[in-house]
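**Student:** Chain by chain, the residues:
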Amino acid sequence: MNFGFTEEQTLLREQARRFLDDEASMSVVRELMHSDQGFSTAQWQQLANLGWLGLIIDPDHGGVGLNWVDLIVVLEEMGRSLYPSPFISTTLAASVLGDLGSDEQKKDWLPGMATGQQIATLALFDRHGDPIAENITLAAEEADGLVLNGTKQFVADAGSADLFITACRSGGSLKLALIPRTAEGVSVTATATMDRTKRTGALELSNVHVAANDVINLSNDDLSRIVDKGVVAITAEMVGAGEQVLEITTGYARERIQFGHPIGKYQGVKHTLADVYVDVESFKSLVYYAAWTIDHSPEELPRSASLAKAYASDAFAEIGINGVQLHGAIGFTEEYDIQLYLKRSKWARPIFGDSDHHYERVARMAGL
Amino acid sequence: MDFEYTEEEETFRKEVQGFLDENLPPRDQRGKGFMSNWLTKVREKRWVGFSWPPEVGGGGGNLMQQVILKEEMSKRRAPPLGTCMMGLAWVGPAIIQYGTEEQKQRFIPDILDSKYHWCTGYSEPNVGSDLAALQCKAVRDGDHYVINGTKIWTTLAPIASWISMLVRTDNFGDADAKHEGITALLVKLEDPGIEIRPIENMAGDKVFAQIFFDNVKVPVENRLGDEGKGWAVTISSLASERSSIGEVTSMYSKLETLKSLIKTTEYNGKPASENPEVRRTVARFEAKIEAMRLNGLRYLTRQIKGEPLSSETSVNKLHRASLEVEMSDFALEVLGPAGLQLREQGGSVDNGKWANDALDWPSVVIGGGTPNIQKNIVGERILGLPKD
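Sequence lines, in order, name chains W and B.
Its first residue numbered 31, the first sequence is counted upward by one per residue in my numbering.
Its first residue numbered -14, the second sequence is counted upward by one per residue in my numbering.
Please note that the accuracy of each hint is not assured.
Here are a few chain B residues that face chain W, going by a calculated C-beta distance under 10 Å [unchecked claim]:
{"#": "1", "residue": "Leu240"}
{"#": "2", "residue": "Pro261"}
{"#": "3", "residue": "Lys273"}
{"#": "4", "residue": "Val300"}
{"#": "5", "residue": "Asp335"}
{"#": "6", "residue": "Leu370"}
Distance ranges between label pairs, derived from CB positions [claimed, not checked]:
{"#": "7", "chain 1": "W", "residue 1": "Asn250", "chain 2": "B", "residue 2": "Glu(-11)", "range": "24 to 32 Å"}
{"#": "8", "chain 1": "W", "residue 1": "Glu330", "chain 2": "B", "residue 2": "Lys(-1)", "range": "38 to 46 Å"}
{"#": "9", "chain 1": "B", "residue 1": "Lys26", "chain 2": "W", "residue 2": "Arg286", "range": "55 to 63 Å"}
{"#": "10", "chain 1": "W", "residue 1": "Ser57", "chain 2": "B", "residue 2": "Arg62", "range": "35 to 43 Å"}
{"#": "11", "chain 1": "B", "residue 1": "Asp314", "chain 2": "W", "residue 2": "Gly128", "range": "41 to 49 Å"}
Taking lysine-lysine and the DSS-like style, the derived pairs with C-alpha atoms no more than 30 Å apart in a straight line are [to be verified]:
{"#": "12", "chain 1": "B", "residue 1": "Lys26", "chain 2": "B", "residue 2": "Lys239"}
{"#": "13", "chain 1": "B", "residue 1": "Lys290", "chain 2": "B", "residue 2": "Lys30"}
{"#": "14", "chain 1": "B", "residue 1": "Lys163", "chain 2": "W", "residue 2": "Lys295"}
{"#": "15", "chain 1": "B", "residue 1": "Lys214", "chain 2": "B", "residue 2": "Lys100"}
{"#": "16", "chain 1": "B", "residue 1": "Lys214", "chain 2": "W", "residue 2": "Lys295"}
{"#": "17", "chain 1": "B", "residue 1": "Lys372", "chain 2": "W", "residue 2": "Lys295"}
{"#": "18", "chain 1": "B", "residue 1": "Lys122", "chain 2": "B", "residue 2": "Lys290"}
{"#": "19", "chain 1": "B", "residue 1": "Lys173", "chain 2": "B", "residue 2": "Lys191"}
{"#": "20", "chain 1": "B", "residue 1": "Lys(-1)", "chain 2": "B", "residue 2": "Lys239"}
Since the hints were made in silico from the structure, they are not lab data.
Cβ atoms here follow ideal geometry from the backbone N, Cα and C, with glycine treated the same way.
Could you put together the complete structure from these sequences and hints?
**Tutor:** Spelled out as structure tokens, the structure:
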């Protein structure tokens, strides 16, 4: 029994921390988040050189072949720094290809993703709701492969993606179509979100032909596994971000003097921060375990992922608000960093399902 | 990370399970002599005081074995391992760490054999969370101390034979040096000058009491640790498993009972479990309990690796406190008027269990540090915020 990290994982965390401290200080993050592209192409190449872009890609396809517990170490640190990049999108896309792709599809895409040449993303859902399979409504016509017409909204990192793994249905079944940005009939409108470190966009498809060997059959279980991995990735970032809110705000509470004492001496402030600590510790444990189940106990993944995301969505939303509120007026200024974490908490809440969605799923799995 | 158990650990788990198969009949088949037989049997296995060193009669169980034993026992809702609750939880560990050889020989075997009850005398009428401000005083008179003062909210005092208590022997009225001058004494509750007045709690039980000490003479050999150094005795660091795994197992079984309750309780002619708010609430309890389980495993891993824990166990204490209050309260909400009869009033659902639980929680939630104190501990010791 060992619910801790290995020495290698600790070194990986140190490496991530060093890179982010050196290359992605808050002033750099702010510069990137106000740029059109939203991330740094030069740094993307550095991520590839560090092996992170191929972290979970198998060595046969140019990756490092590590697992999800290793991955969350890096994600936690990226979350702490609010590091902007299409890292989660590309990693999830790589994971989908690794699990479900044909040999040919893997050969076509994975090596380029590991070296940083190709950025990929998932374009899954057309609506919000439950069960998730019903959220895929884009209909495809069958014609020696598929023909797609329609628009996918809220596609993460749409602006930078070279490949869109696009969910649709044809006949009664779900499919994933591999659509390169360069395919005929594809157009993309990209935008930032309230959290400018996270990008989104719309993928418009007008008579896009997808060859039969660029199509993957998708079962409901496959879909839920994809989403659960997304949940783990986002929640791991929330752990780092949550800890950073705590770090910034306890620092402020130790130094800000009112009524003759540091405000952290007062229980109204102290207890709120203690609640934040309890919550971050708790969704940290939940997401660590969920990450472990991905590679070691897949049948436990749905419940573990939902418990983690449900807890974290509620708690982190509150943490974002408390971080700003405990700073008083200065927390509300653009110049001060704490508000960026509040924006991240708003962004993270609905992505891959909010707490209502995940608690309902937990209730269903418990036979209620 | 790995969540496997070693072969030795699995063997130990099987041993515990085998023991329970043999010695723990279903509730309705337990005869009159069951409890005394149970206590003898678990004592023979050295599972009473399992974490204590073998030299004093303990089981010398390592951390993982302690977890496994607690887990298996609470899975099967087994009776406690020994009935001397306070002795096993607090007084025994303190005597083992701070006691003289003579004290160990005199008290530890009786605690292990559940001979009589102990209680612990900390709170006083004006001293609760700020325990170090205690005023009950003891003055040295030759080979005796003479105690005058009072202790209150002393759990089990009405049935206990001995009390391990904190008194002030120095620094009277010196608030700045209040942690010094406190001394721990072991006192026989039959001694002359002691009066015990039981206090009824809101659940109708008389498990705690106020104790009055009027010129009570206690021999010096009953002092635990050095004079004036009693504060340390309250925080015995005797290594024992602190992952709260046993508690988690019982929280999970309480959750299961709650799930059946909402399936069988109807509102508008439909099971309450169809109501989205009800479903969400129960799932939220599940998330907290699972977080407790996993927090416990993370802290246990650190203990096994020999990394000292700071006050991280406060995290699970806070979860437990809010769950105890919220779960029983939620059950009453779901039950409506049917939840309002206590056990002794013929409780119409689950023998009044939920009604009694809704009044019983303070013993868990307030005893051993209120949630507000736990939050101070987290804020000050872990987050480094200035002391109050």
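**Student:** Hints numbered earlier in the text: which of these fail when held up against the supplied structure?
**Tutor:** Violated hints (numbers, rising): 5, 8, 10 and 18; every other hint is consistent with the structure.
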